[in-house]
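S.K.: Please put together the full structure from these sequences, using the hints given.
Protein sequence lines correspond, in order, to chains A and B.
Position 29 of the first sequence, counted from 1, bears residue number 29 in our numbering, the numbering being contiguous throughout.
Position 191 of the second sequence, counted from 1, bears residue number 191 in our numbering, the numbering being contiguous throughout.
Simulated from the structure, these hints should not be mistaken for lab results.
Among these hints, one or two may not hold up.
Taking CB as the label site, the calculated pair distances span [said to hold, decoys possible]: (1) A:Leu160 with B:Leu54: 56 to 64 Å; (2) B:Ala269 with A:Ala159: 34 to 42 Å; (3) B:Trp218 with A:Ala187: 32 to 40 Å; (4) B:Tyr217 with A:Arg47: 29 to 37 Å; (5) A:Phe21 with B:Leu225: 49 to 57 Å; (6) A:Ser277 with B:Ser243: 49 to 57 Å; (7) A:Arg285 with B:Leu225: 48 to 56 Å.
Selected chain B positions facing chain A (Cβ under 7 Å, derived; list incomplete) [stated by the list, open to error]: (8) Leu34; (9) Phe35; (10) Ala92; (11) Trp93; (12) Gly96; (13) Val99; (14) Ala103; (15) Ala203; (16) Ala204; (17) Tyr239; (18) Ser243; (19) Pro245; (20) Ile251; (21) Gly252; (22) Gly255.
Listing some non-contacts, in silico: residues in chain B with all C-beta distances to chain A over 12 Å [unchecked claim]: (23) Ile94; (24) Leu102; (25) Val180.
Just so you know, even glycine gets a beta-carbon here, dropped at the ideal spot from N, CA and C.
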Amino acid sequence: MTPSLSPDPISDLNALFTFPFMVNALMAGTIVAVLAAVVGWYMVLRRQSFAGHTLSVMAFPGAAGAALIGLPTALGYYLACGSAALVMRGARGSLRRGRGTETATIATVQTVGLAAGFLFLSLNSAVLGGTETLLFGTFLGVSRGQVLTLLLVALAALALIAVAARPLLLETIDPEAARARGLPVAALDTGFLLLLAAAVAATSQITGALLVFALLVAPAAAAQQVTMRPLPGLVLSVVFALAIVWLGLGIAYFSIYPVGFYVTSIAFAVYLVARVSRAMAERRRV
Amino acid sequence: MFAHDFVRNAYLAGTFIALACGVTGWFVVLRGQLFAGDALTHVAFVGAIAAAVLGFDERVGLFALTVLVAGGMAVLGRRGQADDAVIGTVFAWILGIGVFLLAVLATSASGGTGISAANTLFGSIYALTPGGSRLAAAIGLAVSLSVLVALRPLLLATLDAELAVVRGVPARALAVAFLVVLAAVTAESTQAVGALLLLGLLAAPAGAAHRLTARPYWGLVLSALIAVAAMWGGLALSYQIASLPPSSAIIGLAGAAYAIAAVATAARARA
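M.R.: If you want it as structure tokens, here you go:
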């Protein structure tokens with residue numbers, strides 16, 4: 001039973017807020033969008049998209065493993081993402097051979113995690129439909145409790161970023177200068193990876209492990225096409241992410257197709273528009 | 001265990017798939033293109049689903065879409081910086097299309113989507129037919145040979161692109177060709193270890209080899225050896241332990257090899 005669009009847009013909007021599940025989904029989506037947009041802005045600037053993707057994939061073994069040993073699913077998400085972040089950070093510490101080897105570590109962590117998740121699923125003899133939900137997410141059945149947990153995690157993460165905003169920015173842009181000023185560079189690096197892990201674990205509960213990227217990369221990348229100034233960029237990134245989530249959820253409500261498709265497509269469209277408009281602006285200037 | 005046909009098929013296809021992954025993976029790591037490889041493996045998954053929706057053979061969809069996207073990335077990467085934000089945005093969208101196609105497949109009442117999606121994502125090497133495994137072995141061999149034929153120019157173009165151009169090596173054409181070869185490997189191996197796990201077979205043996213030796217030829221041989229060993233060991237393990245899926249065992253062994261190499265080199269550096 002799919003709700004259909006009526007000619008009256010106001011009643012359609014009202015219909016969106018009729019059901020508690022939809023209100024919960026919109027609240028969770030809003031929280032997640034703000035968190036992913038802010039953390040993602042730093043991630044894109046730090047060129048850690050690959051690490052971010054690996055962390056987002058860790059949600060899958062986390063959830064599958066938690067289901068296997070009977071832990072709460074959300075705890076599994078945070079544990080798996082957090083430990084993957086520490087492993088990646090630890091491997092980087094002992095590194096001397098440049099970027100190729102670093103990405104090899106990230107890729108190995110990612111696939112080993114996925115292989116473990118697949119193993120957990122087959123040990124649990126879980127239904128295969130569960131795999132799709134874990135990987136591609138669902139916005140049905142977000143509970144009030146989940147929304148509350150998301151809110152707490154997001155507030156804590158955003159508060160941390162607000163406190164460390166300027167040192168983190170300096171450390172991102174110019175690690176040497178940051179070290180010269182006596183900033184704890186290694187701690188900032190580790191801290192950011194853990195923060196990224198928390199953001200990703202929170203987001204993937206709504207979007208699924210494979211689609212976190214739509215919210216983590218696209219709004220931030222689009223914002224950085226428009227402006228490189230930090231504060232306007234962060235605000236723009238949040239605005240983009242909110243638009244993507246609200247539009248995506250709104251369209252998915254009236255459609256039989258999954259929300260992930262709409263969210264990723266809108267995100268991609270936003271990025272394309274930002275890129276094209278920047279290219280046009282540059283041409284005009286020349 | 002070799003009395004069973006399905007085991008022989010798996011070993012035949014697996015050996016050459018691992019060989020191709022080990023050899024190309026070594027270059028992927030050297031060129032720092034693992035994120036592109038990661039994106040291609042996800043594209044392969046979408047290609048397989050698209051083929052199922054349109055009613056093609058799965059392999060056609062796999063090859064067509066991965067080669068197409070690889071070509072696109074190679075062309076886009078040349079002008080402008082196709083940095084990792086571009087790769088990330090594009091492949092999030094392609095995955096979104098995959099979700100859409102999965103839903104189309106589910107509503108088209110053919111049923112069995114969960115199983116076919118899981119097979120594409122995580123592979124089913126024991127389900128290969130004799131013909132399929134021979135084809136997989138042939139493609140794996142062809143890919144390995146084509147990399148070996150272009151070995152010296154490719155190495156030069158990777159390590160020092162400007163010197164390569166001075167020497168008359170077509171570095172750009174090689175870069176495009178390499179991505180297309182990578183796409184072929186991806187499409188081929190997806191059938192065996194699955195779209196999500198294949199990255200491990202590209203990255204882990206090659207990463208281990210790069211940590212253990214900086215010499216190119218030794219590294220290539222080592223990478224191929226580790227990949228094939230992980231494949232053989234993983235197949236044998238999952239045959240003995242019924243609840244262990246072959247893909248998980250193969251990737252687990254490859255990951256263990258990488259971890260050992262990382263720890264060993266770290267210890268050597270400290271000593």
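S.K.: Would you mind marking each hint as holding or not holding in the structure?
M.R.: The hints, checked one at a time:
1. A:Leu160 with B:Leu54: 56 to 64 Å: 47 Å, violated
2. B:Ala269 with A:Ala159: 34 to 42 Å: At 39 Å between Cβs, range holds.
3. B:Trp218 with A:Ala187: 32 to 40 Å: 38 Å, holds
4. B:Tyr217 with A:Arg47: 29 to 37 Å: 31 Å, holds
5. A:Phe21 with B:Leu225: 49 to 57 Å: 53 Å, holds
6. A:Ser277 with B:Ser243: 49 to 57 Å: Once the Cβ atoms are compared, 54 Å apart, the range 49 to 57 Å for B:Ser243 and A:Ser277 holds.
7. A:Arg285 with B:Leu225: 48 to 56 Å: 55 Å, holds
8. Leu34: 4 Å, holds
9. Phe35: It holds, given that the least Cβ distance between B:Phe35 and chain A is near 4 Å, below 7 Å.
10. Ala92: With a minimum Cβ separation of about 4 Å from chain A (threshold 7 Å), the hint on B:Ala92 holds.
11. Trp93: Constraint on B:Trp93 satisfied, holds at 4 Å.
12. Gly96: 3 Å, holds
13. Val99: Holds, about 4 Å.
14. Ala103: Constraint on B:Ala103 satisfied, holds at 5 Å.
15. Ala203: Constraint on B:Ala203 satisfied, holds at 3 Å.
16. Ala204: 4 Å, holds
17. Tyr239: 15 Å, violated
18. Ser243: Given a least distance of 6 Å, the restraint on B:Ser243 holds.
19. Pro245: With Cβ-Cβ at 5 Å, under 7 Å, it holds.
20. Ile251: 4 Å, holds
21. Gly252: Hint on B:Gly252: holds, closest Cβ of chain A at ~6 Å, below 7 Å.
22. Gly255: 4 Å, holds
23. Ile94: 8 Å, violated
24. Leu102: 7 Å, violated
25. Val180: The claim holds: B:Val180 sits with its nearest Cβ about 20 Å from chain A, beyond 12 Å.
Checked against the numbered hints given earlier, the structure breaks hints 1, 17, 23, 24 and satisfies all the rest.
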